[in-house]
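Peer 1: Let chain A serve as the given structure and place chain B on it in line with the hints.
Each protein sequence line maps, in turn, to chains A and B. Take the first sequence: its letters are residues 1 to 327, numbered as in this note's numbering. Take the second sequence: its letters are residues 1001 to 1306, numbered as in this note's numbering.
Hints listed in this document are in silico derivations from the structure and should not be mistaken for laboratory results. Incorrect hints may have been included.
To be verified - Computed footprint of chain A on chain B; a stretch qualifies when at least three of its residues, placed anywhere within it, have a C-beta under 8 Å from a C-beta of chain A:
1. 1087 to 1095
2. 1108 to 1119
3. 1225 to 1233
4. 1286 to 1296
Backbone N, C-alpha and C define an ideal beta-carbon position, used for all residues, glycine too.
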Amino acid sequence: MELLRILGEGLARNRLLAVILAGFALFPIYTGIADLPFWNDLAMRIMILGMAAMGLNLVLGYGGMVSFGHAAFVGIGAYAVGISQFYGLDNGWIHVLISLFACGVLGLVIGFLSLRTTGIYFIMITLAFAQMLYFLFVSLEQFGGDDGMSIDRADFMPIDLWEPLRLYYLIWVALLLTSLFLMVIVRSRFGVVLEAIRSNESRVEAMGLVPLRFKITGYVISAMICGLAGTMFASWQEYVSPDIMHWTRSGELMIIIILGGIGTLAGPLLGAVAFLLLEEWLPELMLLVAPAYAENWMIIFGPVLIAVVLFARGGLGGLIRRIAGGG
Amino acid sequence: MTFILLLEQIFNGLQLGVTLFLIAAGLTLILGIMDFVFLAHGAQVMIGAYAAASLTALTGNFYLGILLAIPVTFASGYLLEYLLIRHLYRRNHMDQVLATFGLILFFNELIRIGFGPAALFSSLPPSLSGFVNILPETPYPVFRLLVIAVGLACALGIHLLVARTKIGAMVRAGANNETMTAALGVNIRMLRRLVFAAGACFAGIAGMMLGPLTAVEPGMGEPLLILSLVVIIIGGIGSVRGAFVAAILIGVVDTLGRVLLPVILRGFMGQAAADGAGPALASMMVYILMSLVLVVRPSGLFPPKG
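Just chain A, same shape as in the assembly (with noise of 0.2 Å):
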């Protein structure tokens, strides 16, 4: 009882997280009546490239710490369900497992020697150790190197994916649970020590606290949650290759959290749902401006990124506030 009330106060707080939230529960109703499915898909993705961001949003908008290897843990928790497959391990659940204890493990030893560092080197030896994750599965030759390996939809008993909407609503579960979990621990103590080392650390420590300890913590938690997207990625693909783990990934999870407004529990989903809306709405805009152009709506999209630094402060999620009057 106690939890739900810390979880109905959260929600109350964090008004434009529950909107959206309440808005991927109902869209398939919508898809569902105006019959279009490949909007549930579009969801899907959007889904789960929100739950990544906001796991990096965990140490880099909360613990000011510029992770630029994320998308590598996505990529181990995609791997996770393909290489259990390949051994002949079809259970989703276990899969689950499977890749929140490697990315935990990973995200310990990464963390642990990646915080020695700060600012500009911590962001680029968290890049290198992405890299050796990604040429590595690239040399895998067993799990299709280069060209990736193909997975069978996940088996999670009792629920059957293959049935409409199961899987759509599975992601929608987990991102729910990632967020109200995000939202508890980041209102805990834990929360409070992290935020207060990213402005201040030698104070932190003047306290008494080992702010390492605050630093690596939050670092695998971050890596399970990724994790955690990179299983359901899976399952929504039914493919992975190295792609998943290069580099432009990691940079498109961080202009994701930047585009919707770091360092807020909202933000990264927004600005994953303002990211792949612009990828699918620009090119048919441009289809009505310069139909010649349609391909090339890369050239409004950059100049968008670089309109919502200098206007719109905050991101995307600042500029909601604003509007809303403060709210």
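Peer 2: For chain B alone, kept in the frame of chain A given last:
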């Protein structure tokens, strides 16, 4: 593996190294001195390559094309700083990441619209497409040799510019204490613009030299950007000397790794497996090298004094 083949690869490594240095030199100053995260530096490489390729086609002369392309790259850096970058200095790093990422998308697409998505292949004039003997019976392409020479000359030029000239002294003073330097009557804003333009110019020259060796295509700058970031980190952020040492190191390690690793791996796995895993493991090597350097020296080989 014969000695001659090894020597050839070392020269190829040197050539990659000096190219990386030309890209990293400007970036290390922008990152270290101006504290600005500039991800679109790879786009400057692309702009240089395209400017040279199209001006060569236009004038029909390779040398004239290069000569005209250099001012173009300088101007592009200058204008970019004036139009956008100067509004972003006071923003936090994350804002700079997003804005300059937007710039990458914009420039890549601009080039795609202007020149098409296909790769451009430019040919060398006959005077540069031959071979010379670097040792008796050891032919090596003239153009690659020229790239090494130009790169080394540029490196010397950059060193003298920073260490010996008045402008260099101003840049160093600005890095040390911006407010004080400005109070002494140095136009810091103009100085930043010049550093930016010069950085763009050197990155552009790197692109021009890569043009005839690799495919000139949209997005060609980003892998180079990542490698030059590795160079900057190993060298120590803000240190031009460090960037030079690290660039040569990375160039040689990367090139030799690509050639030697598959050979070594063949020793204890099948040929097919070795040929598959070799290149990937070789790509991994520069990152392993960077991590090792950071473990031993957390702020690079030549951390700037301050």
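Peer 1: Indicate, hint by hint, whether the structure satisfies it.
Peer 2: Comparing the hints with the structure gives:
1. 1087 to 1095: Our answer is that it holds, as 6 residues pass the Cβ test (under 8 Å) against chain A, meeting three.
2. 1108 to 1119: The restraint on the segment 1108 to 1119 of chain B holds, since 5 of its residues have a Cβ under 8 Å from chain A and three suffice.
3. 1225 to 1233: Coverage by chain A holds for the segment 1225 to 1233 of chain B (4 residues, Cβ < 8 Å).
4. 1286 to 1296: It holds: at least three residues are needed, and the segment 1286 to 1296 of chain B offers 6 whose Cβ sits within less than 8 Å of chain A.
Checked against the numbered hints above, the structure breaks none of them.
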